[in-house]
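K.L.:
Sequence:
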Amino acid sequence: MEYDYIFSGFGLAAMLLLDELIDTGLADAKKILIIEKYEIPTEKTWCYWENSTGKYDSILEHSWRKGFFTDEKKSTECLGGRFIYKCISSEKLREYIDKKIERFPLIVRQNDELVSLFDDGNSVSVVTTSGTFQADFVFNSVVPKIPTDDSRNPLLLQHFEGWFVKSKQLPFTADAITIMDFSVKQMSQTRFMYVLPFSNSEALVEFTLFSPELLREDEYEIEIRRYLSQKGISDFEIAKKETGVIPMTTYPFHKHNSKNVLNIGTAGGWTKASTGYTFVHALKNVKKVASELKTANPNFSRFHKTNRFTFYDRIFNHVLFYNNELGKQIFSRLFTKTDPVSVLRFLNEESTILEELKIILACPKKPFLKSFFKTLF
Numbered sequence: 002m003e004y005d006y007i008f009s010g011f012g013l014a015a016m017l018l019l020d021e022l023i024d025t026g027l028a029d030a031k032k033i034l035i036i037e038k039y040e041i042p043t044e045k046t047w048c049y050w051e052n053s054t055g056k057y058d059s060i061l062e063h064s065w066r067k068g069f070f071t072d073e074k075k076s077t078e079c080l081g082g083r084f085i086y087k088c089i090s091s092e093k094l095r096e097y098i099d100k101k102i103e104r105f106p107l108i109v110r111q112n113d114e115l116v117s118l119f120d121d122g123n124s125v126s127v128v129t130t131s132g133t134f135q136a137d138f139v140f141n142s143v144v145p146k147i148p149t150d151d152s153r154n155p156l157l158l159q160h161f162e163g164w165f166v167k168s169k170q171l172p173f174t175a176d177a178i179t180i181m182d183f184s185v186k187q188m189s190q191t192r193f194m195y196v197l198p199f200s201n202s203e204a205l206v207e208f209t210l211f212s213p214e215l216l217r218e219d220e221y222e223i224e225i226r227r228y229l230s231q232k233g234i235s236d237f238e239i240a241k242k243e244t245g246v247i248p249m250t251t252y253p254f255h256k257h258n259s260k261n262v263l264n265i266g267t268a269g270g271w272t273k274a275s276t277g278y279t280f281v282h283a284l285k286n287v288k289k290v291a292s293e294l295k296t297a298n299p300n301f302s303r304f305h306k307t308n309r310f311t312f313y314d315r316i317f318n319h320v321l322f323y324n325n326e327l328g329k330q331i332f333s334r335l336f337t338k339t340d341p342v343s344v345l346r347f348l349n350e351e352s353t354i355l356e357e358l359k360i361i362l363a364c365p366k367k368p369f370l371k372s373f374f375k376t377l378f
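The opening residue of the sequence shown carries number 2 in my numbering; numbering runs sequentially from there.
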């Protein structure tokens with residue numbers, strides 16, 4: 002069977018990309034196959050910040066105009082009236098995309114699993130557990146094995162457990178999020194709490210680490226219970242939980258691209274290496290994909306371009322990987338010694354050189370200089 006486009010996997014990046022293809026007319030009259038191994042979907046929460054209204058505002062779970070960075074010394078407002086912090090659920094996004102797909106009878110879905118891809122330069126052979134398909138272009142979300150012995154691009158992990166908590170004590174401030182609360186014990190790691198209040202009585206309370214290794218399952222629960230207790234929240238129920246592990250690395254995922262195969266999402270290096278955030282970077286990348294498809298001779302082997310933010314992320318990750326205990330100090334300096342709005346622009350890769358210089362100067366010099374030279378070549 003031959004298709005114009007095949008999607009291998011249908012997570013966040015694939016959904017955003019298909020939506021962009023539909024909106025730009027690139028899906029019109031195209032035969033599209035979505036290969037996805039059927040599983041009961043695990044609901045996820047994706048968050049991002051924008052400075053104005055956005056494409057997916059109509060399906061947001063919630064949004065906030067105040068956000069705080071906190072440690073044991075003080076709390077600093079970060080959004081500064083300039084950004085809106087937005088939260089969208091995987092369930093709502095999938096429903097939104099599914100409704101659009103219904104208008105396109107040539108888009109078909111198959112409960113299947115990718116085995117291999119072969120790009121001969123003209124088309125791509127896609128081998129699955131049920132057969133072989135041909136496509137002009139393949140958008141692949143299956144993450145390749147990431148080397149763990151690459152000292153220049155070390156593999157840091159963002160791992161977390163979040164509880165959707167309900168409490169009659171009305172303990173939450175509904176109009177303000179806690180982006181990072183470093184008042185928790187660090188245990189020589191980079192640990193913080195993340196709180197998204199949906200009302201005065203409901204919030205997502207998440208314990209997050211940036212570290213090379215995962216914790217035991219019970220350790221996440223212990224830390225969340227300790228944090229809730231410290232906040233005086235004793236009467237609560239857990240509506241649901243979410244967990245996750247996100248690779249934070251500057252590993253060159255783009256080297257797996259070819260003329261007609263583009264790796265997308267985490268598999269394509271679309272996750273911001275220094276934060277684990279994906280949504281905004283995926284939004285930018287799907288527009289680039291659409292632009293490439295509009296050219297006379299699309300070639301996804303040239304899709305990736307390394308920029309100065311890749312360089313910054315590589316140094317930052319190297320510092321945190323080899324000096325994981327410095328995370329609290331680094332983030333505290335960034336959010337309290339510089340303009341927090343500039344930091345958020347920096348993390349969205351929208352900052353100016355002057356803003357970046359101020360951020361660099363706020364970082365501890367010795368470990369960053371050491372990592373600079375170790376990652377230079």
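Hints are computed from structural coordinates only; laboratory data are not their basis.
Be a bit skeptical, because a hint or two may be false.
Claimed, not checked - Distance windows between CB atoms, simulated:
{"hint": "1", "residue 1": "Leu-355", "residue 2": "Ser-53", "range": "33 to 41 Å"}
{"hint": "2", "residue 1": "Asn-201", "residue 2": "Gln-135", "range": "54 to 62 Å"}
{"hint": "3", "residue 1": "Val-109", "residue 2": "Lys-371", "range": "47 to 55 Å"}
{"hint": "4", "residue 1": "Glu-218", "residue 2": "Phe-378", "range": "34 to 42 Å"}
{"hint": "5", "residue 1": "Phe-378", "residue 2": "Ile-41", "range": "45 to 53 Å"}
{"hint": "6", "residue 1": "Lys-74", "residue 2": "Glu-103", "range": "38 to 46 Å"}
{"hint": "7", "residue 1": "Phe-378", "residue 2": "Gly-233", "range": "31 to 39 Å"}
{"hint": "8", "residue 1": "Ser-76", "residue 2": "Ala-363", "range": "17 to 25 Å"}
{"hint": "9", "residue 1": "Ser-76", "residue 2": "Met-188", "range": "37 to 45 Å"}
{"hint": "10", "residue 1": "Phe-373", "residue 2": "Gln-231", "range": "34 to 42 Å"}
{"hint": "11", "residue 1": "Arg-309", "residue 2": "Gly-233", "range": "43 to 51 Å"}
Where a beta carbon is used, it is the ideal one built from N, C-alpha and C, also for glycine.
K.L.:
Do the beta carbons of Arg-309 and Gly-233 sit within 43 to 51 Å of each other?
P.N.:
holds (45 Å)
K.L.:
Looking only at beta-carbon atoms, does the pair Leu-355, Ser-53 fall within the given range of 33 to 41 Å?
P.N.:
violated (23 Å)
K.L.:
Please check whether Asn-201 and Gln-135 have a Cβ separation lying inside 54 to 62 Å.
P.N.:
Since Asn-201 and Gln-135 have Cβ atoms about 55 Å apart, the given range 54 to 62 Å holds.
K.L.:
Honestly, do Phe-378 and Ile-41 meet the 45 to 53 Å range at C-beta?
P.N.:
holds (47 Å)
K.L.:
Could one say that the CB atoms of Phe-378 and Gly-233 fall in the range 31 to 39 Å?
P.N.:
Roughly 52 Å apart at Cβ, these two residues miss the hinted range, so it is violated.
K.L.:
Can you let me know if the beta-carbon spacing of Ser-76 and Ala-363 is within 17 to 25 Å?
P.N.:
Since Ser-76 and Ala-363 have Cβ atoms about 18 Å apart, the given range 17 to 25 Å holds.
K.L.:
Is it true that Glu-218 and Phe-378 lie within 34 to 42 Å of each other by Cβ?
P.N.:
holds (40 Å)
K.L.:
With 38 to 46 Å as the target window, see if Lys-74 and Glu-103 comply at their CB atoms.
P.N.:
Violated, since Lys-74 and Glu-103 (Cβ atoms, about 53 Å apart) do not stay within the stated range.
K.L.:
Using the beta carbons of Val-109 and Lys-371, state whether their distance is inside 47 to 55 Å or not.
P.N.:
At roughly 53 Å between Cβ atoms, Lys-371 and Val-109 fall inside 47 to 55 Å, so the hint holds.
K.L.:
Within 34 to 42 Å or not, the Cβ separation of Phe-373 and Gln-231?
P.N.:
Roughly 38 Å apart at Cβ, these two residues keep to the hinted range, so it holds.
K.L.:
Do Ser-76 and Met-188 keep their Cβ atoms within the hinted range of 37 to 45 Å?
P.N.:
For Ser-76 and Met-188 the Cβ distance comes to about 22 Å; the hint is violated.
Violated hints, in rising order: 1, 6, 7, 9; the structure is consistent with all others.
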